[in-house]
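Novice: Add chains B, C and D to chain A, keeping to what the hints say.
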Amino acid sequence: MRRETILNTLLYLAMPVAAALALALDEPFLITLITRAAIFALAAVGLNLALGLGGLVSLGHAAFFGIGGYAMGILAHHAQTYTPVIDSWIVLEGTKSMPVIWLVAIVSSALAALAIGALSLRTSGVYFIMITLAFGQMFYYFAISWPAYGGEDGLSIYVRNDFPGLNTLDPMQFFALVFAILSAVLWWMGRLARAPFGLALSAARQNAERVETVGLGPFRLRLVAFVISGAVTGLAGALFADLNRFVSPTMFSWQMSGEFIVFIVLGGVGRLFGPVAGAMLFVLLEHLLSPVSDFWLIYVGAILLLVVLFARGGLIGSLAGREVAHG
Amino acid sequence: MKMKSLVAAACMALAGTAALADGHGGKLKVGMITTLSGGGAGLGIDVRDGFLLAAKGSDMLDIVIEDDQQKPDIAVQLADKMIQSEKVDVLTGIIWSNLAMAVVPSATAQGKFYLSPNAGPSALAGQGCSPLYFNVAWQNDAFYEAGGLWANDNDIEKVFLMAPNYPAGIDGMTGFKRTFEGEIVNEVYTKLGQTDYAAEIAQIRASDADTVYFFLPGGMGISFMKQWAGSGVDKNVMGPAFSFDQGILGAIGEAALGVKNTAHWAKDLDVPGNAEFVQAFQDEYGRLPSLYAAQGYDTALLLMSAMGKADVNDQDAFQAALKEADFQSVRGDFAFADNHHPIQDIYMREVVKEGDVVTNKIIGVAASDHSDVYGAECKM
Amino acid sequence: MTPILLIEQVLNGLQSGITLFLMAAGLTLIFGVMGLINLAHGSLYMVGAFAAAAVAGWTGSFVLALGAALAAAAAAGMIIEMVVIRRLYDRDHLDQVLATFALILIFSEGTRWVFGSFPLYLDVPAALSGPVTLPGGILYPSYRLLIIVIGLLIALGLFQLIARTRIGIQIRAGESDREMIAALGVDISRLYTIVFALGAALAGLAGALVGAIQSVQVGMGEPVLILAFVVIVIGGIGSIKGALVGALLVGLTDTLGGVLLPLLFGLFMDPSSATTIGSALASMSIYILMALVLLFRPTGLYGGA
Amino acid sequence: MAEPMLHVDGLQKAFGALQATDGVTLTLMPGEIHALIGPNGAGKSTLIKQIAGGLAPDAGRIWFDGREVTALGTPARARAGLGRTFQISSLAMEATVLQNAVLGAMGRAGSAWRFLRPVMRDAELVEQAQAALQRVGLTDHAATRTAELSHGQRRLLEVAVALTLQPKAFVMDEPMAGLGASGSKRMTSFLDGLRREAPILLVEHDMDAVFALADRISVLVYGKIIATGTADDIRADPQVRTAYLGEEDAA
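Chains as they are written, first to last, in the working numbering: chain A, 1 to 327; chain B, 328 to 707; chain C, 708 to 1012; chain D, 1013 to 1263.
The hints are simulated quantities; they were obtained by calculation from the structure and are not laboratory data.
These numbers come from a predicted model, not from an experiment.
Idealized CB from N, CA, C, for every residue including glycine.
Heads up, some of the hints might be wrong.
Now the in silico label distances, taken between C-beta atoms and shown as ranges [claimed, not checked]:
1) A:125 / C:786: 24 to 34 Å
2) A:100 / D:1125: 24 to 34 Å
3) A:125 / C:873: 51 to 61 Å
4) A:85 / B:389: 20 to 30 Å
Coverage of chain B stretches by chain A, computed from C-beta distances (three or more under 8 Å per stretch; other residues unrestricted) [unchecked claim]:
5) 396-402
6) 482-494
7) 547-557
Only chain A is shown next, with the shape it has when bound in the complex (with noise of 0.2 Å):
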């Protein structure tokens, strides 16, 4: 074996021996603080599809991780406040069940993803990385300044919505799902990788013109993969609202965005455990450095640096060894 595939294991079984461990010693936010590593490395994993293999740097992903938790927040309020969500000519009811908000919010970020997709796509480099971010600053101010919703305030649901068999109020078993959840998608981008669209879209990352004339177009692989890499961050942008029960603004924020770069780039860029490495160590540090100082952030802004300037590959290159893997 590797040394990657080995870390890659010890980091994949890491994430369900830490929260049995919590469990037994009776630390139940431990297990909480485990999910919400797991739904960020779920976000960061759909990031890294468009930013690794396909080379788009987007720095507005939070507007799809936005959606997924509006999707989730606006059906569970009206199924909770018993009123339809849309009472016209057709109506619609809001629902608790999960299957159902995910399905919603893949969906709908899907379509933003498309939208946002079609004309950022038209440029590249630097105008990329500026247009996604305006576009996702677009979303935020309408999420704040929009009333149905709460507008800044956000919705609180005051219960986790419903999945067939489980208690989702339990730590354990709301862990158990959105590790299931990321495993099945970890999994698929894994494959993804290495199938023809993987092999495509990392060729067009790597030199387009080789792409076309082959007869395959650029523009339409990278879209594709920016509507894959939405909806993976939507649908984690409804499991981090049913993880906080509450949905708000913030998730669009700029900086969540930003975030989800970090946690790419701190676990290595174009490796498929690459966001599950970076987002653990950043909620690790977010956990160990908040009680040290009320200027934390420095550190994690000095470690970063470090980590950009030096440390290239992150987490996993400095482990494993710089080779990407291939094939």
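Specialist: Okay, now just chains B, C and D, sitting in the frame of chain A:
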């Protein structure tokens, strides 16, 4: 109400995991979640310092303090941590309404007391009220309603309203309109975080209003007041205290002179204990206390007063003890209405210059024994 | 709405556009010459404002405060260029985004550590504190007029600097062909430091000018940074002219959108929902403008192919 | 006479005041190698880009395999059967040699829209890719990272990727560059055989190769074709001698 049963279900489900909290031996464990970093840190730091000042020298309280970074998701996470891991008895500290809405319902559903030292969203005063939730500051509308009442009594007829386009802003203006009997010539809702008010000031200048009534928290209010002073428009300016508190006046300077603002406290308020509080705060921290510091101080006093009467593990008894509000508030007379929100006097303050310091001075009472209008919807 | 009010609003739009230009010019210059995307540009704006507030508080002189803002921002710019940014030129944009994101955290929390969490006091000088009467009887704050004038002068100066001076020739050479300037015998690392410091100084000046009529507080730079990005995307990256046109467009759209959209919706809606919906749309107006420009000119109005 | 496989008619392209392509008309007939030569800066690369679809002409039309492709982009022309190699290697450098070839095979099958099965386990695609690698002699390097290939090997890989597409015509931009004497010779004989499969529009600086291979030669100077004919015609053309070969002789 169906909501109630949902909350009850949540309570039962979470109670299973949030292990029993007891055995502190006369001590009470307080979890304070407040904003200590980022742009809004000034408010959280004052609440914390006021609270710690009151608790100083007493060994009754075991206080855990965490920074929510003004982010709702962090606040929720910290609340989970304090309830599940730290096993606190009482939560407090949150500054912002949106964070309070994220934390309070689930904290009370998990059987924890929550004492609000600042935010008072209407939902928690009305339908969403809880026996375990006590607001020691104000319901969000209080200062605005008092502003409207004061305007009625002081020959103010035509008012131009302005607030950021977000719930606290819209609620505030609604509160003013609830009591004000004159004419509202225009209402403008600006972008949250807006820093340039030239366009709004031009609109105000062009209107025939005699008074501008606005709520612009933090930096927004600072920007507006500086630009207002430069515009040369001559109209009365009124607002709630949030835009004119000590920390903010320092940044606005003389541009704020003459502005009227409503508050339940001022450092010159002549009630027992207030002068001592102001002095002690200055001695301890080397700065003037703000309204937030006063609220933090009162919150700790209230908590310690209840501890003398009941054990926190006896929820009904402790709740009754809190409800009595048997403590010497630096605001003077203080009582809880049935929805556990304050009944208190709201004063009108004017910004004046004392020596080199721009500060507030009380000029009258805007509303006596004021309480909020949402209590009727509260069924507990 | 009266014509006078409309003219006043147009002036307001111009003034906000001009301040945006000061931010965007530095950003676009730095990108054009070094190919670097700098998220920490907003932090330099904040540094300028804090330096001005500190010096104004100390000396009471607004002119000294502006000088301090320029000097502090330029110095901060030079330091981060030499310590951090310089290592990023041959990195991809992702690394640049990350490293400058880290710089924002360090600058913001560092400033809070030094100056505390409350906003600082900085006011316009007494001589400029009132309004002036413009032709047509328009009352307009004299300080805002000053900002418009200073901004236009700086724009003019920048165009001259780039068109006429030696350093301008080097900058233009650097934009078109990086290897060429090395071949010309120019000390590239010195040129880069100078350009970065120049961009930083412009941002610092903008921060100080605006800080006098807004709030000098931690985090004041990021909203402006994002607006400056929108400006650059609209104007075309690397083009100073594009930055000027884009900044004015954004300034006018933002100001007039906020005033006119609620009025527009008021024509066919009840006043309170017109206000909320109009305001909600107004907050998105510049992004819609950006999307429209992109549809027709993906590289911005003055961007190269 | 048979229909031309590629027909370019009256192509115009200007960059500002510079007329890079000035009324170019040329054909590529089935089974032939048509070489395009000209001094540096004559506009060969600009012309090739327009033919391949990467650059839109200002005026003029292009037919390929009997249908007009002027308005189509590079991918569409590639799918129509136009195989292209680049002057400067244009490959996915981090991918392996085999992966680059498989990418070509995917293009031919039009099958990028599959999201689950690993592409390297698709026997048919891999087989096509291996076959192409074998024809250019890169089989031993199939698992090598492309960035580690020599310049000459990259040229061969370019050709192999074009082969996987099984195109109806090739457009090759200096396939001999950087190959060295023996490599050049091997490439020459390879291309010689390839013309039976599909005609080749060949841009090349190596005059020995051009004169050895080309059925027809067109000479491009300042964006204009000043002569078209067999190798002997071109050698004899006085205009060409002064404009182009004259320089070569002097050198």
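Novice: It remains to establish, for every hint, whether it holds in the given structure.
Specialist: Status of the hints after comparison with the structure:
1. Separation of residue 125 of chain A from residue 786 of chain C is about 27 Å and conforms to the stated range, judged on CB atoms against 24 to 34 Å.
2. Distance hint check for residue 100 of chain A and residue 1125 of chain D: the Cβ-Cβ separation is about 28 Å, which falls inside the suggested range of 24 to 34 Å.
3. In this structure, residue 125 of chain A and residue 873 of chain C break the distance hint of 51 to 61 Å, their C-beta atoms being roughly 30 Å apart.
4. Hint check: residue 85 of chain A to residue 389 of chain B, Cβ distance near 46 Å, so the stated range 20 to 30 Å is violated.
5. Counting residues of the stretch 396-402 of chain B whose beta carbon lies closer than 8 Å to any beta carbon of chain A gives 3, which meets the minimum of three for the stated coverage.
6. By the rule of at least three residues with a Cβ nearer than 8 Å to a Cβ of chain A, the coverage given for the stretch 482-494 of chain B holds, with 3 such residues.
7. For the stretch 547-557 of chain B, the stated coverage by chain A is not satisfied: 0 residues place a CB nearer than 8 Å to a CB of that chain, which falls below the threshold of 3.
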